[in-house]
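K.L.:
The residues making up each chain are set out below.
Number of protein chains: 2
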Amino acid sequence: MSSPRPATGRLYLVPAPLDFGCEAQAPLTEVMPAGTLAVAARLPCWISENARSTRAYLKRVNESHPLAQPLQALQIQELPREVHKKGDHGGQFDARPLLQPALQGQDMGLVSEAGMPAIADPGSSVVRAAHDLGVAVVPLSGPISLTLALAASGLNGQHFAFVGYLPQDASERADRLRQLESLAHKTGQTQLFIETPYRNTALFGALLQHLQGHTRLALSTGLTLEAGWSRSMTVQRWKKETPPALTLPTVFAIGR
Amino acid sequence: MSSPRPATGRLYLVPAPLDFGCEAQAPLTEVMPAGTLAVAARLPCWISENARSTRAYLKRVNESHPLAQPLQALQIQELPREVHKKGDHGGQFDARPLLQPALQGQDMGLVSEAGMPAIADPGSSVVRAAHDLGVAVVPLSGPISLTLALAASGLNGQHFAFVGYLPQDASERADRLRQLESLAHKTGQTQLFIETPYRNTALFGALLQHLQGHTRLALSTGLTLEAGWSRSMTVQRWKKETPPALTLPTVFAIGR
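Each protein sequence line maps, in turn, to chains G and P. One gets my numbering by counting positions in the first sequence from 1 and adding 1 to each. One gets my numbering by counting positions in the second sequence from 1 and adding 1 to each.
Isolated chain G, as found in the complex (with noise of 0.2 Å):
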């Protein structure tokens, strides 16, 4: 007699704070549904973005959330290194084997080093393939940044894209921003890309060299944190502020 095939585990989303790589962090409990950091706590099994920052989130977890298990317990997986950034979409890499535990019957997380996995981030192989296996997969609700900060933006929410990172070749760059300019003037499609950090403060400058005076720009940084902001104006309103400080994780936005 074959053993019956136990009950396969679900694959949770969890989203992180928004806070990784800054210097002040947001109050976990006040940013995190407690929902969301109850199945945080008790998943024995992990597939993420980073070992090192995800057991730094599960220590701040487990400060209102015991874990279930010691941190060193926990089952860790690293998305490998050629997903990251970049993405990891197109099939090109095979996550499947990484869900080994949740065919086992594990209830497993994703996660990424900030925000929700597989969104401007690593891990869509990972839901994808969860799918192709019949392994039930479940959204956890937490801060997102892009949605956060289009809400903020005052630029249409009905219509609206994410396009990533622009290009670092500054012509490359001006031509593309001329592009999505272009289509949110002719479409109302609201354009949203992010930037690294440190890249942000000329970004900003490339913005409000290349773009048109009426365009509207929208910035938020430090989304959930104490010094985070949002602020939306023309182009040409922009050009008479003192240039903002970027230091901080920020979405950009641009439409009519």
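It is worth saying that the hints were derived from the structure and are not from the lab. Be a bit skeptical, because a hint or two may be false.
Copies of the same chain look alike in the list, so a pair counts if it works inside one copy or between any two.
As the list claims (entries may be wrong) - In silico lysine to aspartate or glutamate, EDC-like type, Cα no more than 20 Å apart, as pairs: (1) K60 with E24; (2) K60 with E79; (3) K241 with D133.
Keeping the supplied structure of chain G fixed, place chain P upon it in accordance with the hints.
P.N.:
Chain P in isolation, oriented as in the chain G frame:
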């Protein structure tokens, strides 16, 4: 001597749970961060999609976070009917008068019936007016169906668009679907859209009828609810399944 101008209040963007109009309700403290509920409990003035549903929401907030003032004492201004559903973006509606309390120093909340105001919901005209008046805008963390569904889709989360509602006319809808599918295949941009729940089943039928077999179609229904689920597979595979019940709010996504 002129009296000093009072400090300006803030406009908080307050997410609501995703169970609006559903029989089952998600426990509020499980899906909303305590920080968000604490702010909601102390705000004296609201701008709302619907005053009745805002009162119902605040009654639920009161169970865990006692309101600073009795419900009847709160000022709740409704957005005019014409900005509902079809969106308030485009400048035809001047929301500045609604923000009078903030100019007089009161903190205010902007809230819709479900999820984040100004995302797939009215509110962006109010946020824009706040920026124009120098009222600080603070988005609060909470559940947002579009990004929860995107994360759970296994589709590209580094490049995506939300396109709102599709046309109701069957032939226009078919054209639009083929256009979105072509965009998704050519550019890799995931396309998200929604429908009024009672039309979900008709939309699902149209998707199976008009999309190509190898296109990936993801559905998230009843997000944050016990009965909710997320599934993602090719159109070809969906055709072999029993059509799912889609009576709860559902987010649709297609991609490659």
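K.L.:
Starting from the hint list further up, note which numbers the structure goes against and sort them upward.
P.N.:
Those not satisfied: there are none.
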